[in-house]
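2 protein chains.
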Amino acid sequence: MLNTGAKDCIFCQILQGGYPISEVYSDDVCVGLMTVEPVNAGHAMVIPRKHLPYLSDLPPDLAGHLFKVAQKIAAAIKHSDIPCDGINMFVADGEAAGQEVFHFHLHIYPRIEGDGFGFKYDKRHFNKPPRKELDRLAGLIRQKLTR
Amino acid sequence: MLNTGAKDCIFCQILQGGYPISEVYSDDVCVGLMTVEPVNAGHAMVIPRKHLPYLSDLPPDLAGHLFKVAQKIAAAIKHSDIPCDGINMFVADGEAAGQEVFHFHLHIYPRIEGDGFGFKYDKRHFNKPPRKELDRLAGLIRQKLTR
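Line order of the protein sequences matches chains A and B.
So for the first sequence, this note's numbering puts the first residue at 50; every next one is plus one.
So for the second sequence, this note's numbering puts the first residue at 50; every next one is plus one.
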């Protein structure tokens with residue numbers, strides 16, 4: 050079980066100046082920085098300054114702000130001299146979703162034609178569910194949706 | 050070259066009632082609906098009502114709003130009876146990034162332990178760039194960042 054406490058959080062340590070970072074953006078509530086394991090050159094992340102492990106821990110206004118900052122960073126990557134034919138944004142929320150650092154982070158990375166990056170799927174992905182099943186699933190989600 | 054005009058946009062046609070959808074959320078500016086090719090059962094998307102093809106076309110406040118709605122849908126999926134051990138969010142912006150429908154959409158999908166979904170990488174992903182290179186790339190992005 051990976052630790053979610055701020056004391057042992059690598060991003061909290063980074064934000065406290067414990068490790069060098071390559072910063073692209075900074076404001077009162079978040080920081081944009083380069084990842085050390087990029088999909089392609091120019092791969093950045095936006096992280097909140099506060100130790101908030103999961104997507105559900107983000108106050109909605111902060112969530113919205115992080116995405117707006119990510120949008121700005123995406124535009125900057127596109128307009129920079131970094132090779133970029135497209136952009137992906139990605140969030141891994143929870144260990145089963147590929148989250149490795151338990152301090153929320155939103156990835157922004159450039160894509161280049163033929164860069165070899167992509168998804169691998171279980172076969173069931175390609176089984177298009179019937180509309181009735183999609184309606185059932187939508188109903189289950191709507192039941193739990195808070196407005 | 051795929052069409053980016055609203056007339057031939059499948060999402061615009063959907064929003065105009067031309068096709069059945071399984072809706073999870075709706076407000077004045079966006080709709081949440083089930084995808085027809087889910088990674089896992091419960092895979093939803095948030096799309097703006099307006100035909101805005103790319104991430105850069107979204108007014109920042111709308112971008113922030115879409116992410117807040119996606120956060121709500123993620124929470125609803127987690128609290129529903131749909132199997133969900135984690136959540137991914139994903140944006141493909143541009144054909145090279147895997148965008149197939151040129152009407153912006155933000156994916157939200159549940160992940161389940163052992164679901165077989167994941168990334169495939171080019172080998173260079175695993176080459177950690179030296180800090181000096183990360184600093185250079187961060188500098189290129191900062192130069193183009195509008196505050």
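These are calculated hints, taken from the structure and not from any lab test.
Any given hint might turn out to be false.
Remember, identical chains collapse to one label, so a pair may be satisfied in a single copy or spanning two.
Below, simulated DSS-like cross-link-like pairs (lysine-lysine); rule was C-alpha separation at most 30 angstroms, straight line [what the hints assert, rightly or not]:
| hint | residue 1 | residue 2 |
| --- | --- | --- |
| 1 | K56 | K99 |
| 2 | K56 | K172 |
| 3 | K177 | K56 |
| 4 | K193 | K56 |
| 5 | K181 | K193 |
| 6 | K99 | K193 |
| 7 | K169 | K56 |
Please write out, lowest number first, the hints stated earlier that are contradicted by the structure. Structure breaks hints 2, 4, 7.
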